[in-house]
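Residue numbers (the working numbering): 1 to 32.
I should point out that these hints are in silico values taken from the structure, not numbers from a laboratory.
Do not take every clue at face value.
[As the list claims (entries may be wrong)] Pair by pair, the computed Cβ-Cβ distance ranges are:
1) Gln32 / Gln3: 37 to 45 Å
2) Gln32 / Asn4: 35 to 43 Å
3) Thr31 / Lys2: 26 to 34 Å
4) Gln32 / Lys2: 45 to 53 Å
5) Lys2 / Arg30: 30 to 38 Å
6) Leu25 / Tyr5: 41 to 49 Å
7) His8 / Lys28: 28 to 36 Å
8) Gln12 / Gln32: 39 to 47 Å
9) Lys7 / Leu27: 28 to 36 Å
10) Ala26 / Tyr5: 40 to 48 Å
11) Ala26 / Met6: 28 to 36 Å
12) Tyr5 / Gln32: 25 to 33 Å
13) Thr31 / Ile11: 37 to 45 Å
All C-beta atoms in this analysis are idealised placements derived from N, C-alpha and C, irrespective of residue type, glycine included.
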Amino acid sequence: MKQNYMKHILIQPILKEALSFMETLALKQRTQ
1 MKQNYMKHIL IQPILKEALS FMETLALKQR TQ
């Protein structure tokens, strides 16, 4: 149970980073 919680804490920020990264990529493609 504790391991699952740790995974969640680690994965959450990574997902947010990936989402913002995808957004910036989409914006760059739009401006080109």
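Do the hints match the structure? See the list:
Against the hinted window of 37 to 45 Å, the Cβ-Cβ separation of Gln32 and Gln3 comes to about 43 Å, which satisfies the hint. At about 42 Å, the beta-carbon gap between Gln32 and Asn4 stays in the expected band of 35 to 43 Å. Taking 26 to 34 Å as the suggested C-beta distance range, the pair Thr31 and Lys2 does not conform, at roughly 45 Å. For the pair Gln32 and Lys2, the supplied restraint of 45 to 53 Å holds, since their beta-carbon distance comes to about 46 Å.
Lys2 and Arg30 have their C-beta atoms about 43 Å apart, which leaves the hinted 30 to 38 Å range violated. Restraint check, Leu25 to Tyr5: a C-beta distance of roughly 31 Å breaks the suggested window 41 to 49 Å. In this structure, His8 and Lys28 meet the distance hint of 28 to 36 Å, their C-beta atoms being roughly 31 Å apart. The supplied range of 39 to 47 Å is broken by Gln12 and Gln32, whose beta-carbon atoms lie about 31 Å from each other.
At roughly 30 Å, the beta carbons of Lys7 and Leu27 sit within the given window of 28 to 36 Å. For the pair Ala26 and Tyr5, the beta carbons lie near 32 Å from each other, so the given range of 40 to 48 Å is not met. Against the hinted window of 28 to 36 Å, the Cβ-Cβ separation of Ala26 and Met6 comes to about 31 Å, which satisfies the hint. The hinted range of 25 to 33 Å is not satisfied by Tyr5 and Gln32, whose Cβ atoms lie roughly 42 Å apart.
Taking the beta carbon of each, Thr31 and Ile11 are about 31 Å apart, not inside 37 to 45 Å as hinted.
Hint check: violations occur at hints 3, 5, 6, 8, 10, 12 and 13; the rest are consistent with the structure.
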